[in-house]
Amino acid sequence: KSVIILAVVAFSSVSSQRGPFGKGPFGRGPPGGPPKCADDSKPTCTCANGDVITRPRPNPCGDRTKPTCVCADGSSPVKRSLCKDGNKPTCAGGVAPVCQDGSALNTDSFPPCSDGPPKCADGGTISCADGTPIPPFISRLVG
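Read in order, the letters of the sequence shown are residues 380 to 522 in the working numbering.
Below, in silico cross-link-like pairs of lysine to any residue (SDA-like), each with a Cα-Cα straight-line distance of 20 Å or less:
id	residue 1	residue 2
1	LYS467	PRO414
2	LYS445	CYS416
3	LYS445	SER488
4	LYS458	THR486
With beta-carbon atoms standing in for the labels, derived distance ranges:
id	residue 1	residue 2	range
5	PHE489	CYS426	14 to 22 Å
6	SER454	SER488	17 to 25 Å
7	PHE489	LYS463	18 to 26 Å
8	ASP418	THR486	16 to 24 Å
9	THR447	ALA508	30 to 38 Å
Hints in this document: simulated from the structure, not taken from any laboratory. Here the structure is a predicted model, which is why all the values come from computation and not from measurement. Backbone N, C-alpha and C fix where the C-beta goes; we use that ideal spot for every residue, glycine too.
Using the sequences provided together with the hints, build the complete structure.
So, in structure tokens, the structure goes:
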């Protein structure tokens, strides 16, 4: 009986934690993390109704629209790459991955394909040219 109570307490503790995207302790969301400004600061994100978003989370504006984010210097924040050299992961020969239907990735959304994980048109694996290892489960999510 005490084992069940301990398991329930442990589970509720873990499930109440939030990652950087509000989806659990492991921070599930866009690989590479949220967009950041060139000076590594957080951008200011504002919804169409004027609400300022202080924490990334699903549907932050409440109306399924995305907030507009701007850095203190007026520039747009950028998504960090999984690759240490700052380049995006690619397929063999530097070819960009495609969606399952062969269309280009939508890099403004996550996931970038609505029809499943990105793939290499030649059937190869998505990787970083600089050799940065990409875990297989992440390479199936990003391009």
